Structure formats: structure tokens, C-alpha cells
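Input sequences plus hints: build the corresponding full structure.
Top line first, the protein sequences correspond to chains B and U. This note's numbering puts the first residue of the first sequence at 1, with every later residue one more than the last. This note's numbering puts the first residue of the second sequence at 294, with every later residue one more than the last.
Mixed in with the good hints, there may be bad ones.
As the list claims (entries may be wrong) - Computed cross-link-like contacts, SDA-like style, restricted to lysine to any residue with a CA-CA straight-line distance of at most 20 Å:
{"id": "1", "chain 1": "U", "residue 1": "K1011", "chain 2": "B", "residue 2": "A194"}
{"id": "2", "chain 1": "B", "residue 1": "K5", "chain 2": "U", "residue 2": "G393"}
{"id": "3", "chain 1": "U", "residue 1": "K1071", "chain 2": "B", "residue 2": "A194"}
{"id": "4", "chain 1": "B", "residue 1": "K7", "chain 2": "U", "residue 2": "D412"}
{"id": "5", "chain 1": "U", "residue 1": "K1064", "chain 2": "B", "residue 2": "H266"}
{"id": "6", "chain 1": "U", "residue 1": "K1071", "chain 2": "B", "residue 2": "I65"}
{"id": "7", "chain 1": "U", "residue 1": "K846", "chain 2": "U", "residue 2": "D862"}
{"id": "8", "chain 1": "B", "residue 1": "K13", "chain 2": "B", "residue 2": "S25"}
{"id": "9", "chain 1": "U", "residue 1": "K562", "chain 2": "U", "residue 2": "G356"}
{"id": "10", "chain 1": "U", "residue 1": "K562", "chain 2": "U", "residue 2": "K737"}
{"id": "11", "chain 1": "U", "residue 1": "K1071", "chain 2": "B", "residue 2": "K13"}
{"id": "12", "chain 1": "U", "residue 1": "K1064", "chain 2": "B", "residue 2": "K13"}
{"id": "13", "chain 1": "B", "residue 1": "K5", "chain 2": "U", "residue 2": "D862"}
{"id": "14", "chain 1": "U", "residue 1": "K1071", "chain 2": "B", "residue 2": "T257"}
{"id": "15", "chain 1": "U", "residue 1": "K737", "chain 2": "B", "residue 2": "A246"}
{"id": "16", "chain 1": "U", "residue 1": "K594", "chain 2": "U", "residue 2": "E673"}
{"id": "17", "chain 1": "U", "residue 1": "K1064", "chain 2": "B", "residue 2": "S25"}
{"id": "18", "chain 1": "U", "residue 1": "K738", "chain 2": "B", "residue 2": "R283"}
To be verified - Per label pair, the in silico range of CB-to-CB distance:
{"id": "19", "chain 1": "B", "residue 1": "I109", "chain 2": "U", "residue 2": "R728", "range": "42 to 52 Å"}
{"id": "20", "chain 1": "U", "residue 1": "E968", "chain 2": "B", "residue 2": "E254", "range": "37 to 47 Å"}
{"id": "21", "chain 1": "B", "residue 1": "A146", "chain 2": "U", "residue 2": "R573", "range": "17 to 27 Å"}
{"id": "22", "chain 1": "B", "residue 1": "E271", "chain 2": "U", "residue 2": "E440", "range": "30 to 40 Å"}
{"id": "23", "chain 1": "U", "residue 1": "L297", "chain 2": "B", "residue 2": "R91", "range": "36 to 46 Å"}
{"id": "24", "chain 1": "U", "residue 1": "L678", "chain 2": "B", "residue 2": "D245", "range": "23 to 33 Å"}
{"id": "25", "chain 1": "U", "residue 1": "L1069", "chain 2": "B", "residue 2": "D209", "range": "35 to 45 Å"}
{"id": "26", "chain 1": "B", "residue 1": "I109", "chain 2": "U", "residue 2": "N322", "range": "22 to 32 Å"}
{"id": "27", "chain 1": "U", "residue 1": "M1008", "chain 2": "B", "residue 2": "E227", "range": "33 to 43 Å"}
{"id": "28", "chain 1": "U", "residue 1": "K961", "chain 2": "B", "residue 2": "T248", "range": "50 to 60 Å"}
{"id": "29", "chain 1": "U", "residue 1": "L1069", "chain 2": "B", "residue 2": "E227", "range": "21 to 31 Å"}
{"id": "30", "chain 1": "U", "residue 1": "K532", "chain 2": "B", "residue 2": "E227", "range": "25 to 35 Å"}
{"id": "31", "chain 1": "U", "residue 1": "N322", "chain 2": "B", "residue 2": "A44", "range": "13 to 23 Å"}
{"id": "32", "chain 1": "B", "residue 1": "E271", "chain 2": "U", "residue 2": "T704", "range": "51 to 61 Å"}
By construction, these hints were calculated from the structure, which means they are not laboratory data. Please read these numbers as outputs of a predicted model, since none were measured by experiment. From the three backbone atoms N, C-alpha and C, an ideal C-beta is built for every residue, glycine too.
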Amino acid sequence: MALYKLKEFHAPKNMQEAINILGKSQEAEILVLAGGTFLHGLEARGLLSDVEELVDIRKAGLDAIRDDDRGLLIGATVTFSQIQTLPSVQRTPWLAGLSDALAYPPVQIRNTATIGGCVSASCPFFDVPTALLALGATVMVKGGEAGERQLALPDFLAGLFVNSLEPGELVTAVAIPKCPGNGASAFIKLEGNANDLAIVNAAAYLSVDSQKTCTEAYVALGGGVAETAVLSDAARQILIGSKLDAATLQTASEAVTADISPMSDHRASAEYRGAVAKVIVRRTLERAIARLA
Amino acid sequence: MSQLNVVGQSLERPDAYDKVTGGKGYPVNVKLPGMLHAKMLRSPYAHARIVSIDASRAERLPGVKAVLLPKDVPQIKFCPVFFVPVQAPSMVLDFDVMNGERVRYVGQPVAAVAAITADIAEAAIDLIDVEYEELPAVFTPEEAMAEGAPQLHDEAPNNIAKTPFFEYGDLEKGFAEADFIFEGTYETQRVHTCYLEPRVCVVDMDRQDNVTIHVTTQHLFGTREKLAFALGIPETKVKVVKSPYIGGGFGGKLELTAMEPVAALLSKKCGRPVRLEQTRQEDFITTTRNPIKVYLKTGVKKDGTFTARYAKSILDCGAHATHGSEVIMVHGAFGLFFNYHAPHQKWEGYTVYTNNMIGGGYRGYGAPQGSFAVESQIDEICTKLNLDPIAMRLQNARKQGEPHPFNPAFTLATYGLADCLREGAAKIGWEKARRRDKGSSGAKKRGIGLAVHPVWVSGCMGFPDIYEHSGAIVKINRDGTADLATASMDIGSGQIATLTQIAAEALGLPAGAVRMSSAGDTDNLPFDAPTHASRVTYSSGNAVKEAALSAKKRLLEVAGSMLEVSPADLEVSDGKVSVRGTPSKTLSVAEIAQRAESPFVQMTAQGPQPTVMEEKGTIIGLSSLAPKSNPTPCAAQFVEVEVDTETGEVAVLHAVYAHDIGRAINPKAAEGQVEGGFQQGMGYALMEHIQFDPETGSCLTTDFLDYKMPTAVEMPRKIDSIFIETDEPTGPFGAKSLGECCVITPAPAIANAIHDAIGVRFTQLPITPEKILRGLGKI
Ligand SMILES: Cc1cc2nc3c(=O)[nH]c(=O)nc-3n(C[C@H](O)[C@H](O)[C@H](O)COP(=O)(O)OP(=O)(O)OC[C@H]3O[C@@H](n4cnc5c(N)ncnc54)[C@H](O)[C@@H]3O)c2cc1C
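This is the structure in C-alpha cells:
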């Protein structure tokens, strides 16, 4: 269904302009438009018929990428395809999980979907946010009353299709801190066909010391296992300090049950999601371990 | 069979270039000057009485040109299915275009708007206020048949629209003679054909009721007949324009829906052409393959011989019977019982109304639902009695030379099922694969399965109330090419390629010399039955061949006169006519056509000279005929699957099809049919499912995110198509048909392969990963 009520289409030339527009229009039905891939889906389902203003931020200068020893800082409007071309994403075991996740969307989507849009949508069925969770990503925010904030991704993802942005705020970048030590990540998605949002997905980041003892572990899950993609602290506790042997992986995978509350819908039941979550987590951990130096 | 020159060649499809460069021939691309755009308002309730409709707010919206309400639409009931007469006694006549009193499913059209843009029309339908009084609704056929259920149609007590049955032999005796009795209930789901081009029409209706329509249809003449009836005007007031092709049909564009008459009536109101294009969401709730629940009981001897078979089938036709009155018949006869001999058989069918969406046609037309039951159960029997699935099928199957099962006047002159099984088994390595280790250690298990199916028609010759005849016009041009005109629609499966190759072969012209006319309509084309029921290659093909032969006869008469020999001594090959045995006496077809088309009196150096009167006149051939028989194509299908026992995912690794199609007119196009058929059949087996909210009856799967079909990624890396050419004596150059076999066998073959892999039998489609894990006891 069309955007009947659309009155203004803004195309700010820089970030400040974008923030000003968002700041002025607090009362109106205003939406940020980045790659538009998620918004298009909403529009097609008739869910945007009240929107009055759109702010297209693709020319607002939010497309810088910093890739140095502090980690990766990716501007909000950087597309999936652009991220895929970064040497660290292509080559380091650390970011291999992000690379896995970025490979799932079709190329047309990768060419236009942005990192800012993918986290802002707060959609538990997307893949890239799950991968970002396991990498300890932070969301950079500007505008609104606070002026500027940084939110850890778990805090940013407030609920089903709800993020933590206050009126007037804009995501400006997503930061992935450099991994301490020798880490590797992995991501796996379970989908109904190749044109699907995740039924369940999982990402893991693991690092080990010279004795092959696990020094750091993040396990993230998405795809309808909760209202947002989540980190499993239970799995993390089991993995850290362990030798990452098969039995530990099994126990850790089963422990994720404590941190998820899967949903039932016409695509899968909660029981199914809960059962395969464990399998996918185990396989993801195995994949990450295979990548450890 | 004499040497074939054009038939049997994998020629590039003539429509291919046009399609990959924008497809200007698709009806969706038709634009007429001054055209308006329409949208329909649909009921949000599954069952309700319409109390009132107020469209005044919509009428006032700038850009709105007309609103159509039920009171503006003739309240006539009929059968909208194209291939039967509009009031066919064998069908249920319960369909109406826009009922003003009652809605019976979510999505039933209740009003429509024409506006200067589609967006305005859409905004306007939101402004139409309809007051409904909700009625209790019923969503399963079992509940609908039960005492006290809401009644959908007065003429159908207990919501039973139709109850066909047949019986022969003595069932009790048959079961008494059996050593073993097998019983099972097999359920199939609602699926959509997922044609790519949406249903769309552009209609112009003037004040004198002259209607011209461009529309996505599988049948020009069916559209004409049903649209005229729905509008209450004489049939010849309606002209249906033949689009060069439509973007897929698969049986999903085989009936009139509200779209065409609504657009016509809006056009008449506005005095301008009106375009109505359905969204994918609307298409998903417009037609579907009917879900059928089959209870099947079979008596067998120890050696696997059937003694008796009983089946009861319950078909959910949704709010109106439409195709459901015919699908049930095809299902019972073709899907369940004709394939194998059994001396004692009985079948009861029920076509039942519910407050679900209306059913429709879909490739296979009732047979996939039956085949899933039959071919699954045969494997159960084989497992239990330790019989070989190939031998068991051959033992009970019909054989070449036997009478045709429903029309004993025809024989199964060609029926290569045994060859299909033999060649298919060899290709997939059946013997070895059955014996191998399933991969007992890992999470992934492999299995192999098979299913066979004949389609008992190449057309529908001999069925009550079903249109069958075809016609063609073949005209030879002065440049030695020919134009072919038929009303047979190309729905994406290569009808243009096939028919032009048949015509070229019959005329003796080279490949590519026959062109399918791109202009035509119901005013100037001979009648043709729809593109459905595996019929075009055989039935339309025979008509095309006949018209070509009649043009050729005239060609040889003119050539005979020019060469001063008897036409009987002439032959045509590769565009040249020559005297048999005297190759030096040759004329090109172009020379002959030029002579035929030239003025009778010609100016020469000696002044005006008369030429030969008998040589004059366009060389043309016409035909209109019913097919001679109903030959039976058949297929054996083998698949190898890999089941992930931890996630329940099933990957199809390899598919082998062996088809007896008589003759492959264009082998590459035939392969395309087979591969597309597998894709649809595999989707049916594993993932496709139109789902509804069980409380409200509204559709949950209205786009390709929620409705899952196999993409290129899920398709097996290898599909082998084997064509067994049995050279059907009544077929055009030996051809039978191919359209449907390939879509019927995948579901049971995959279910059988899954059973082989993990030892669990699934009797409800689709076999989703979730069902697999439940079957394995893991959830
Ligand atoms: C066909 C298809 C297939 C897909 N497959 C996959 C897949 O396999 N895996 C996967 O992970 N994802 C998949 N996706 C989802 C895709 O990744 C997201 O739609 C995309 O990341 C959203 O980004 P965008 O830039 O297009 O966002 P938009 O649609 O422009 O915006 C998304 C939301 O975020 C808001 N927003 C955007 N940018 C900002 C900002 N900087 N600050 C504040 N708010 C903002 C918007 O207002 C909107 O609410 C698929 C999508 C489609 C359509």
C-alpha cells in the first residue's frame, strides 16, 4: 500500500542536517530511510500508511569506515556489500562470523541494505545483528536530547521491532571492538529456503590461550528464539575456562535453553525452534573452533 | 516413422528473446490510452451477512471515477471453469461475481473502485464503509459435514457440494481374498501455482456492451463464454484478445474470477478502459490446489497382487465449488484407481464447502493428492512384505495394448511404463542404492525412493461436459515462410515452439520458417479448448498438423500445375518442392506462393497476358477437430534425498525422471517442463503451504517470504530427464503429452526416499523439518 500521507521527502546533505530535521519533527510521523529494504517490506504490507515524512540519510555523510587496531567503526549507511569487501572481514577469523552472516541476504539486498538499518529495525529474524552481538558490537547514536550516546547492542535492541532510540536520535555508526587475543567467530542460519528470514540462527565468538583453554566466549541466537536476538550467558559461562571438547560444546549448546524463549508462528513452533537452536549453536561453535589458529 | 527434420530438434524457443527483453507480449504490459486503474475491496470476514455498504466517502476522493457495488453487478450463478459449458450439468453452479448479501471467505470481493491511479483506487477502497453481521464460520470439511455446522449454500445440505462414487466387483469378497490389508490416511495441503505474472486484465466495455479484453488466461474462448454470461450479454459481444503468451498458468488461470467482470462493469460506467491487476497477496487467495484427505485401504496377496481397494476422499473446495466438482473426479479416477488393476474397487468422494478460499486448477488436477496416497501406500506394502517396489508396481500396473481405463473404445497403443522404470532405475543406480549403508554414524542419512504415474489423458477426449476440439489456420507467405494462428495459449510451457515445429514438419519447411501469429482474438480464431490437461501438444498439435497438411495439399496442387506433373508425384522438404525421382525439377515454396499470390493478368513485353487461374489464391489450410484418442503418457521418478536428523532438513540430491511422452517435439523445452514440474512437486512435498489463521480464516502466507517454494539453491544439483519415445500412432509425429506427469510423482517419491533414509513414514504434506523431528521423536 502506498505512502498516502507522505508530505515531505528529506535528503539531508550531512549528519547535522539530518539530526536537525529529526529534531524538528518529533511530533510528526517521521521515519529514517536508509537502504529501504526493510521499509519496503513494511510498506508492501500496508504498515506505513500513516508516515508523513521520510529522511533519506544515504547522502548524509554517514558512510565512513575506520578499520584499525581499535577495531571496526562502520558508518550507518555503509552497505553489506561494502562491508564484505573489507580486508579484515574477508580474511580474519575474528570477523569470519560476520562474513558468514553477510553472505545470506541476496546480492540485490546486500548492495543496498545498510548496517544502521539492520540494527535499527530490531528484527529478531535478521542474521547480521546476531553476528554483531557475538562480536560485542556497540551502536553510536547522535541527536535528540542526549546529543550523543553509545549503546551496547543488547541494550539497543529493546524488543520486537523496537529499538532504544529516543525521538530525534539517529544511529550514526556501529563499532566492533578489536578482539583481544586469538579469536574466531562463526555464524549459521537455519532457513526454510534461500529466500528466508532465519527460523533460528546462531553466532559464536571464541578465543583460546596457548593451552587451548577458552578465554572468551560469546554465543548469540536469533530467528524467533526471543523478541530480539540474544546473547546466551549460560553458554558463555560453560565455555570459558573449558577445553572446548565435544562434551562441553554439547553442554553449552543445551544451556542456551535458559536464555531463550522461542515463539510459535506459522513458520515453526516454539518447540522446534528450541530444539534446533541447540543444534545450530553446537554447529556454530564447531565452525568457530575450526577457525581458531 | 519417416525421417523427421524439425520435430525432435531442440530449437530455441521463438518467444525467448522477447521475454528476456521485457516481455511486451505479456498482458501485464498492455496499456490503453485513457486507461483507469481498479482495485477490489475484499471481505475481512470468513462468513458474514452484508448489512450495508456506503461508498460516499470513496466517491468523493479526488481521482476516483467510479465505484462498483454488488447492486451494479448481475446476480447470476454459474460455473466459472473455462473448460466446461457455463451451465454444465455435471458441475455445481454456485459462483457469483459479487454477492450483495453474504460473504463466505476472507477475501471475497464486495466492492470495487476505478480511479486515475492504482494508488488512488487503493486509498478509495479503504473509504468504503461496509457493515457486516458476522456469522459462524467453519474451516475444515469434517466439521462442515457435521451436524449443526454453519450451512454455506442452501442447495447443499451438510455443505456437501458433490458426492461422486464408483464401485465394481465385490469389495468384501476382494478383502476376504487378501492375505494382508493395509490402511492409511493421507493428507495434502493447499498450495499455489505461483505463476510469475499476476492475474491482470485490461477491459474496454462500451455503452452498447461491446467488450474487448486483454487478460492473463489459459483459455480465450472460456473467458469469452463465462465473461459474457457473468455480464448477462450475448457471447459474441465479448472479444478476448490473444496475448502472445502469459507469464505462467499451471492451471491457476483456468477460470473466470471477479476481476474480469468487475473491470468490465467499471469500464462501462466510466466510458474508459479499466485495468485491474491483482497483487501477489490477492493471487494467493484467488485459486489453489484443493487439499484432499484420502483414506485408502488395500487388500494384497502375499506376492503383492492387489485384490481389493477402497478409498474415501474429502476435498475442501472452500466457499464455492468451481473446479472442486471436477477435481474430485479426476482425483478418484486418475489419482487413485486407474493406475493399477484390482478386481474389486470402491471409491467415495466428497467435495465439501468451507469458509476457506476457493479452490482451483493446478497441474495434475487431483492426481497429485491421489498419487501421494497410492504411491506411499505401495511402498508401505513393499516394506512390510519385503517386495521390490519396482516389481510390485509392474505386477499391478496396466500394460501396453490393454483397453484405456475409462474409455474402452481406445486402447493403450503406447504405454512405456516398464521401460520408464527400467531406464530410470539404471540411471539412479537403484539396486546399489537400496542396499547401501544409510550413513548410520553421522547426523545426515541418505535414502532413495520412487513413484510412478500415468496421466490418463492427452486432452480430455471422452469426458462428459469437457470441451475438446482445436483449430488452426496455416497460411504460406510469398517468402516461403508460413504463419500459424491458433487460439491455443502459450502459458510459458513452450506451446509456440512446439506448435510451430509441428507445422514446419508437416509443411516440409525448415526450422524457424513457421511463425506463430501474434495477433488474434476470439472473433477471428477458430475455437480451441484451454491450455490444460496435458493437451496442447497432442490435441492442438494434431489440429495444427491437419491445417498444415491441408495447406501443403494446396501447395502441391499449385506446384503440380507449375511443373506440369501430378501433385501425387511431388514431395516437399526443407522449403523445396521437387518431383520424386527427378531432383532437377524443383521449385522453392516461395516461388510457388508468389505464383499463387500474383495477379491473374500480367503485363509482359507482348502486352497483358492471362496466367493460370487454377494456380491463384492464398495457400492456406484450416482445421477444427476433436482429437482422435486419449493416449497416456507416463513417468517413473526416482529421487535421492539426504535428511539432517538433527534439524529435520531434507535436501534432494538427485532426481531422475523417465517419461514416455511418445515423442519429444522439442527435447530441450520438454526438459524444461520436467525440471519445472519437479520444482513444483518438490515444493509440494517439502515446504509449500498456504496457511490461514485458524480463528479468523485470513491468509498468513501472502508473499514469498511466508510462502516457501524451492529456489535454485534448494533444487537438486542433478535432474536427469530420460524421454522414451514410443511413437504414439494417433499423435502428431508420435507425440503424446508431458504437462502433468512430472508434477505428480515428486511428493510420493520424496516421501518414500525419506522413509528409506530414516525409517519414518510421513502421510501429511508438506514434510517440513519440524514434522521430521517429530517423526524421529526428537520433539
Ligand atoms: C528479500 C530480502 C532478503 C533478506 N535477507 C536477509 C538475510 O538473509 N539476512 C539478513 O540478515 N537480513 C536479510 N534481509 C533484511 C535486511 O538485512 C534488512 O532489511 C536491512 O538490513 C535493513 O537495512 P536498510 O538499510 O535497508 O534499512 P531501512 O529499510 O532503510 O530501515 C530499516 C529501519 O531502520 C530505521 N533506520 C535505518 N537507518 C537508521 C539510522 N541510521 N538511524 C535510525 N534509524 C534507522 C528505519 O527507519 C527503519 O525503521 C533481507 C531483506 C529482504 C528484503
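Structure-based check of each hint:
Using a Cα cut-off of 20 Å, the hinted pair K1011(U) and A194(B) holds, with the two alpha carbons roughly 18 Å apart. Taking the CA atoms of K5(B) and G393(U), the gap is near 32 Å; set against the 20 Å cutoff, the hint is violated. Of the pairs offered as hints, the one joining K1071(U) and A194(B) is violated, with about 25 Å between alpha carbons and a cut-off of 20 Å exceeded. The hinted pair formed by K7(B) and D412(U) meets the criterion: a straight-line CA distance of about 15 Å does not exceed 20 Å.
As the CA atoms of K1064(U) and H266(B) are separated by approximately 13 Å, the hinted pair is consistent with the 20 Å bound. Between K1071(U) and I65(B) the CA atoms are separated by roughly 46 Å; this puts the pair beyond 20 Å, and the hint is violated. For the hint pairing K846(U) with D862(U), the CA-to-CA distance comes to about 12 Å; that is within 20 Å, so the pair holds. Between K13(B) and S25(B) the alpha-carbon distance is near 17 Å, which keeps this suggested pair within the 20 Å criterion.
Our distance criterion of 20 Å between C-alpha atoms is met by K562(U) and G356(U), whose separation comes to about 15 Å. Distance hint between K562(U) and K737(U) is unfulfilled; the C-alpha atoms sit about 63 Å from each other, more than 20 Å. Annotation: proposed proximity of K1071(U) to K13(B) is violated, straight-line Cα distance about 55 Å (limit 20 Å). At most 20 Å may separate the alpha-carbon atoms for a hinted pair to count; K1064(U) and K13(B) exceed this at roughly 53 Å.
The suggested pairing of K5(B) with D862(U) is violated, with an alpha-carbon distance near 78 Å, which exceeds 20 Å. Distance restraint check for K1071(U) and T257(B): the Cα-Cα separation of roughly 15 Å lies within the 20 Å cut-off, and the hinted pair is therefore satisfied. This hinted pair checks out: K737(U) and A246(B) have alpha carbons roughly 18 Å apart, not beyond 20 Å. For the suggested pair K594(U) and E673(U), the alpha carbons sit about 14 Å apart, so the restraint of at most 20 Å is met.
As the CA atoms of K1064(U) and S25(B) are separated by approximately 50 Å, the hinted pair breaks the 20 Å bound. For the hint linking K738(U) to R283(B), the alpha-carbon distance of about 17 Å falls within 20 Å, and the restraint holds. In this structure the supplied range 42 to 52 Å holds for I109(B) paired with R728(U), their Cβ-Cβ distance being about 45 Å. Distance hint check: the CB atoms of E968(U) and E254(B) are about 42 Å apart, consistent with the given range 37 to 47 Å.
Between A146(B) and R573(U) the CB atoms are about 42 Å apart, so this pair departs from the stated range of 17 to 27 Å. At about 35 Å, the beta-carbon gap between E271(B) and E440(U) stays in the expected band of 30 to 40 Å. In this structure, L297(U) and R91(B) break the distance hint of 36 to 46 Å, their C-beta atoms being roughly 58 Å apart. Evaluation of the 23 to 33 Å hint for L678(U) and D245(B) yields a failure: the beta carbon distance comes to about 47 Å.
The hint said 35 to 45 Å for the Cβ distance between L1069(U) and D209(B), and at roughly 39 Å that hint holds. The hinted window of 22 to 32 Å between I109(B) and N322(U) holds, with their beta carbons roughly 26 Å apart. Between M1008(U) and E227(B) the CB atoms are about 35 Å apart, so this pair conforms to the stated range of 33 to 43 Å. Here the CB-CB span from K961(U) to T248(B) is close to 55 Å, well matched to the stated 50 to 60 Å.
Checking the proposed 21 to 31 Å range against L1069(U) and E227(B) shows it holds: the Cβ atoms sit about 29 Å from each other. Distance hint for K532(U) and E227(B): a CB-CB separation of about 57 Å, inconsistent with the stated range 25 to 35 Å. A beta carbon spacing of about 21 Å between N322(U) and A44(B) agrees with the range 13 to 23 Å that was offered as a hint. Between E271(B) and T704(U) the beta carbon distance is about 55 Å. The supplied range of 51 to 61 Å therefore holds.
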